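Residues per chain, in single letters:
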Amino acid sequence: MSIAEQSGPPKVSPIYDPKVRSIAYQVILCGVILFLAYSAVRNAADNLARAKIASGFGFWNQTAGFDISQTLIEYSANSGTYGRAFWVGLLNTLLVAAIGIVLATIVGFLVGIARLSRNWLMAKVSAGYVELIRNVPLLLQLLFWYNAVLKALPDLRDSWSLPGSIYLNNRGFFSPAPVFQSGMEFVLGAFIVGVIGAFAFRIWARRRQEATGQQAPVLLVMFGLIVGLPVIAFFIAGMPATLEFPEKGRFNIRGGLEILPELVALLIGLTLYTGAFIAEVVRAGILAVSRGQTEAAGALGLRTGPTLQLVVIPQAMRVIIPPLTNQYLNLTKNSSLAVFVGYPDLVQIFTGTVLNQTGQAVEVVMITMAVYLSISLVTSMVMNWYNSRIALVER
Amino acid sequence: MAIATQEGRIDARHDYVRAAPVEAMPAPGATTGVVGWIRASLFSSPGNIVLTILTAALIILVVPPIIEFMFTHAVWSGQDREACLPSADRPEVGACWAFVRDRFSYFIYGSYPIPERWRVDIFFALLAIGIVWMLWLEAPRRDLGALYFFVIVPIVSYVLLTGWPLIGLRNVDTSLWGGVLVTIVVSWVGIVFSLPIGILLALGRRSTMPAVKLFSVIFIEFVRGVPLITVLFMASVMLPLFVPDAYSPDKLLRALIGIAMFASAYMAEVVRAGLQAIPKGQYEGAMAVGLGYWQMMYLIILPQALKVTIPNIVNTYIGLFKDTTLVVIVGIFDFLRTVEVSRIDPKWAAPTTSATGYAFAALFYFIFCYGMSRYAKGVEARLAKSDHR
Chain G
7 MSIAEQSGPP
17 KVSPIYDPKV
27 RSIAYQVILC
37 GVILFLAYSA
47 VRNAADNLAR
57 AKIASGFGFW
67 NQTAGFDISQ
77 TLIEYSANSG
87 TYGRAFWVGL
97 LNTLLVAAIG
107 IVLATIVGFL
117 VGIARLSRNW
127 LMAKVSAGYV
137 ELIRNVPLLL
147 QLLFWYNAVL
157 KALPDLRDSW
167 SLPGSIYLNN
177 RGFFSPAPVF
187 QSGMEFVLGA
197 FIVGVIGAFA
207 FRIWARRRQE
217 ATGQQAPVLL
227 VMFGLIVGLP
237 VIAFFIAGMP
247 ATLEFPEKGR
257 FNIRGGLEIL
267 PELVALLIGL
277 TLYTGAFIAE
287 VVRAGILAVS
297 RGQTEAAGAL
307 GLRTGPTLQL
317 VVIPQAMRVI
327 IPPLTNQYLN
337 LTKNSSLAVF
347 VGYPDLVQIF
357 TGTVLNQTGQ
367 AVEVVMITMA
377 VYLSISLVTS
387 MVMNWYNSRI
397 ALVER
Chain R
6 MAIATQEGRI
16 DARHDYVRAA
26 PVEAMPAPGA
36 TTGVVGWIRA
46 SLFSSPGNIV
56 LTILTAALII
66 LVVPPIIEFM
76 FTHAVWSGQD
86 REACLPSADR
96 PEVGACWAFV
106 RDRFSYFIYG
116 SYPIPERWRV
126 DIFFALLAIG
136 IVWMLWLEAP
146 RRDLGALYFF
156 VIVPIVSYVL
166 LTGWPLIGLR
176 NVDTSLWGGV
186 LVTIVVSWVG
196 IVFSLPIGIL
206 LALGRRSTMP
216 AVKLFSVIFI
226 EFVRGVPLIT
236 VLFMASVMLP
246 LFVPDAYSPD
256 KLLRALIGIA
266 MFASAYMAEV
276 VRAGLQAIPK
286 GQYEGAMAVG
296 LGYWQMMYLI
306 ILPQALKVTI
316 PNIVNTYIGL
326 FKDTTLVVIV
336 GIFDFLRTVE
346 VSRIDPKWAA
356 PTTSATGYAF
366 AALFYFIFCY
376 GMSRYAKGVE
386 ARLAKSDHR
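Residue numbers (this note's numbering), protein chains in the order written: chain G, 7 to 401; chain R, 6 to 394.
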């Protein structure tokens, strides 16, 4: 046998060829999945036909016929459709998520910083809060706030009243509500102009500082534009808003802003729970900035305030933002626990009542999942974009 | 120039020079010891003093009422709600521990038939042995421990808990299970299934085969993008539609499938992070010595990747353990549900019954979760130490 004959790839059975194997594995996997999907669909069709349950999205425009305790858009049992109920639920979910995110961020940052405080007592109390909250299930906390705290509040007749016509009782939280008259559009417009102007000013100030080294009072001007402009517009438009005070009657409270006890319990629970997780994120972020950075800033002559603002926070934020977003998503997903305290969120209305009434499990569960999935995917897309923008540019 | 003599005495003309260092003076009394510590950590500046006073006020406001509620005003024994009602000679009633004592066995076993409860006890014991074996990193034959924990215990406990009339264990329907038993079963099934499935999904996500990768990514991102409640709903109302009527799984099984799916997706991301931390050279080295894919993963990559992810795996388990409370939504009597049912039972309905029930449940979950997180911290510290050779 000559050497020439031995060169070239050795002859092996195609069974041992990685490419052939890889294709075979993938074909088998696809086959199994397709088979499972096919049999699932066939079984579902059989089972639905036997139970005489309609399929498709025809139920969307049918009259719902049930009431919802909190509606941000117009809805009534007689005229509301299932589709309308869906939007009511979705808006309620977004309301809880939005308020919860703001409150949890405040709690989280305060506690996270307090845990790093040089004050021993403060640091220990914060640590205790974080450990206690993180190790007890959220559902248990929600039930506690709702059943053991809010339901145990005095009833309407002996409700706690705070100055400014604020009432707290086992039917909820009542406070004065702003009532807007025409002319408010003007104020809203001024606010939008103020926000856009403020950010434009910030960009301009930064560019000028980079070019000439001159600093502008950015915070002051931004504050003036965002707060001052709408206030001025408010007075120019002739104060088109009044406060409506709740009036306590014998059997109910009329007027004003009514916040359901379910919403209060949900917000307290979600805020305290997510706040504890955010505190850990913030703490880790601050600890991730090495001491050398603070010391170098001190060596350059920066005082504590500018050191934090210019050196520590920008670097800590880079570490904090991604897990913080995760916590925001978790809060949004956890708001589905509303169903356990009876707050009418998307899951309670749609996966609960609508599913029970129509029996169309597949469609209803799929729509609900699609909503949460799109919230998650959109948020993570925005986050990836933001992340790539602030990420450390290395050599 | 100072010239010291050999004996340490100084030449008389230069006696202003010391030959021996001065004894160090003790630090000012106010900066050392207890006083110094208190000053430095509590009263170092006006702002700090204000913080200390505010925090102390918060503690004084919160802690004594809790202690009064839990201990001094608590009711420790009694037959029914009468014991826990406020009366003339006891206007302030704290926690109604008598209620917890009365319902204790219901909290543990749910409605599991009383003569068969020894089977549950054996299950707990078997599980405890497995957990200690797995968690104790110096235990002998941990490979056998893994086999015991992931294979033997599941089979034995399935037979033990559901029953097998052939060997004299009568069948117990899963609808009778409840309490801590169900909480432990659900979280343990999640733990046992999520790790292997999670590893497979993580490997799939890093695979070079497009179909495998796509499937893994879709599954992981889908499950992680939706709340657990909707996954449970899916398992509970959609799963029965997808299988032929005859094989319709029972309620507990449906919830277990949902939990296992959910936990696997989260576990996959944890394992993936561990896989990414393994240097490329390890893969190349394994291939260079002629190992196939599975041999490479089993012998070289996974042992290293899993070791560094132990803390994160345990943290995922903590999340899973807390999440088991959500199975209530599909009608299963887990521990929290038994507390919920008992607290509204007319026999025990008293003003403080609810708070007592929740306090007891919180204590239960806290002990388990805090224990697990301490363990994760310990392993983390150990790994950090072993890195510094």
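Among these hints, one or two may not hold up.
[To be verified] Over 10 Å on every C-beta distance to chain G, these chain R residues come out as not near it, computed from the model:
#1 26
#2 35
#3 53
#4 96
#5 134
#6 139
#7 161
#8 215
#9 256
#10 293
#11 301
[Claimed, not checked] Covered stretches of chain G (chain R as the covering partner; in silico rule of three or more C-beta atoms under 8 Å from a C-beta of chain R):
#12 30-44
#13 48-61
#14 88-100
#15 170-184
#16 272-282
#17 364-378
[Unchecked claim] FRET-style restraints, in silico, Cβ to Cβ:
#18 198/G with 39/R: 57 to 63 Å
#19 219/R with 320/G: 35 to 41 Å
#20 20/G with 155/R: 34 to 40 Å
#21 323/G with 157/R: 30 to 36 Å
#22 178/R with 23/G: 35 to 41 Å
#23 258/G with 155/R: 57 to 63 Å
Since the hints were derived computationally from the structure, they do not count as laboratory data. Values in this document were obtained by computation on a predicted structure and should not be read as measured data. Where a beta carbon is used, it is the ideal one built from N, C-alpha and C, also for glycine.
Practice item. Provide an ascending list of the numbers of those earlier hints which the structure does not satisfy. Key: Of the numbered hints, 3, 8, 14, 15, 16, 21, 22 do not hold.
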